[in-house]
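Chain by chain, the residues:
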Amino acid sequence: MAFIRVPEGVPGIRSLAMFRPETGQHLYALAQVLLRGDSPLTPAERELIGAHVSARNNCLFCRDSHAAAARELFGGQRDVVDCVIENKTSDSISLKLKALLNIAAKVQLNGRAVQPEDIGQARHNGATDREIHDTVLIAATFSMFNRYVDGLNSLTPTEPAEYAQMGKRLASVGYVPPSESQKQ
Amino acid sequence: MAYIDLPEGLPGIRGPMAFRPETARYLNELAEVLLRSDDSTLTRGERELIATYVSYLNDCFFCQNAHGAIAQHYLQCDMNYIDKVKTNVHSTELSLKMKSLLSIAASVQKSGMDVTSEQITHAQSTGASEREIHDTVLIAAAFCMYNRYVDGLGTWAPKDRNIYVERGKRRAEEGYIDFDLYKFN
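Protein sequence lines, in the order shown, are assigned to chains A and B.
Everything in the first sequence is counted per this note's numbering, starting at 1 for the first residue and increasing by one.
Everything in the second sequence is counted per this note's numbering, starting at 1001 for the first residue and increasing by one.
Certain hints may be false.
As the list claims (entries may be wrong) - No more than 30 angstroms apart at the CA atoms, straight line, and that leaves these computed lysine-lysine pairs for BS3-like:
| no. | chain 1 | residue 1 | chain 2 | residue 2 |
| --- | --- | --- | --- | --- |
| 1 | A | Lys88 | A | Lys98 |
| 2 | B | Lys1159 | B | Lys1097 |
| 3 | B | Lys1097 | B | Lys1169 |
| 4 | B | Lys1110 | A | Lys106 |
| 5 | B | Lys1086 | A | Lys106 |
| 6 | A | Lys98 | B | Lys1110 |
| 7 | B | Lys1097 | B | Lys1110 |
| 8 | B | Lys1169 | B | Lys1159 |
| 9 | A | Lys88 | A | Lys168 |
| 10 | B | Lys1169 | B | Lys1183 |
| 11 | B | Lys1086 | B | Lys1110 |
| 12 | B | Lys1169 | A | Lys106 |
| 13 | A | Lys96 | A | Lys168 |
| 14 | B | Lys1110 | B | Lys1099 |
| 15 | B | Lys1110 | A | Lys88 |
No wet-lab data here; the hints were simulated from the structure.
Here chain A stands alone, though its shape is the one from the complex (with noise of 0.2 angstroms):
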């Protein structure tokens, strides 16, 4: 059970989001802007990049949320997801996405922990500055949702098929905070 009287039955951050919407709507603007904005990295291998931190640290829920929400903007690809969350090296990730979530892994221990020679591989297979700093923003953010989440014990659903959905619905809708989606 929640440490906070959070509404019942509603998972993770949304139900983190009906209790303070006034902080809710930022992040899941936040989210949004991050992970289906513009940016020279795709969507899928941005969540791919949330899914991987997550699983670092060890949130069980925004893991296998994001995890679900890159396999379905994956498609045909969607076996990259399992070997990212299994720490598992893939001929199908490029030498380019390897070096971002070797930056991301960095971010998760520490952002001091990234080291130049992490952004020169980067470089080297072909990173922008645009693609580094999106990287970096992206693994810090899940540093701070992973913690949210589960700083407040947030409910984590143990059934795959209720993320399988989850995931459906992120890759189709996006963040939509649940204050506005009540009104849809």
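Assemble chain B onto chain A, guided by the hints.
Positioned in the frame of chain A, the structure of chain B alone reads:
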């Protein structure tokens, strides 16, 4: 020098914010609600202190000094007091409630799963409300983001801690939405 090509001369988070205003907007809106909104029962000084403490635990020089200076302004204390909160909070005269909230913030800094139901019960026994617990967790989590954004891109920050103190009052007054990114001085 920062890892990516940022506008020159902007310290800390200001460089990345100028680089990408689309995300900066929501980062600032979030900070404004969390740290300055009037509908909180935690004072602005208390909320800045939580931000400073987490930034210290994350070893983020820019954030701990920028927010430490704002806390110092609100709490009308000196830098020694802020440093005492960071390094030995139990030796301070902070309320039991603030001490219990800072303990929750320190757990959040490590991992969300580090927060225990005992810590929550303890905070409630010292008078903390659910909203205060929520806001403490989210402030701590948000600073785990801001700190990583600042350091993960290798941004530059002034080394002299007094520079931040001199600017604390203005930073406190201008807030996180209506300010000129390009005007640090």
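Hint check results:
1. A:Lys88 <-> A:Lys98: holds, 11 angstroms
2. B:Lys1159 <-> B:Lys1097: Violated: B:Lys1159 and B:Lys1097 sit about 33 angstroms apart, past 30 angstroms.
3. B:Lys1097 <-> B:Lys1169: Holds - the C-alpha atoms of B:Lys1169 and B:Lys1097 are around 26 angstroms apart, at most 30 angstroms.
4. B:Lys1110 <-> A:Lys106: holds, 15 angstroms
5. B:Lys1086 <-> A:Lys106: Holds, because 25 angstroms separates the two Cα atoms, which is no more than 30 angstroms.
6. A:Lys98 <-> B:Lys1110: Cα-Cα ~26 angstroms, so holds.
7. B:Lys1097 <-> B:Lys1110: This hinted pair holds, its Cα atoms lying about 21 angstroms apart.
8. B:Lys1169 <-> B:Lys1159: Within the cut-off at roughly 19 angstroms; holds.
9. A:Lys88 <-> A:Lys168: With Cα atoms ~25 angstroms apart, A:Lys88 and A:Lys168 stay inside 30 angstroms; holds.
10. B:Lys1169 <-> B:Lys1183: holds, 15 angstroms
11. B:Lys1086 <-> B:Lys1110: holds, 15 angstroms
12. B:Lys1169 <-> A:Lys106: At roughly 35 angstroms apart (the allowed maximum being 30 angstroms), A:Lys106 and B:Lys1169 break the hint.
13. A:Lys96 <-> A:Lys168: Cα-Cα ~27 angstroms, so holds.
14. B:Lys1110 <-> B:Lys1099: holds, 17 angstroms
15. B:Lys1110 <-> A:Lys88: holds, 26 angstroms
Violation of the numbered hints given earlier is confined to hints 2 and 12; the remaining hints are satisfied by the structure.
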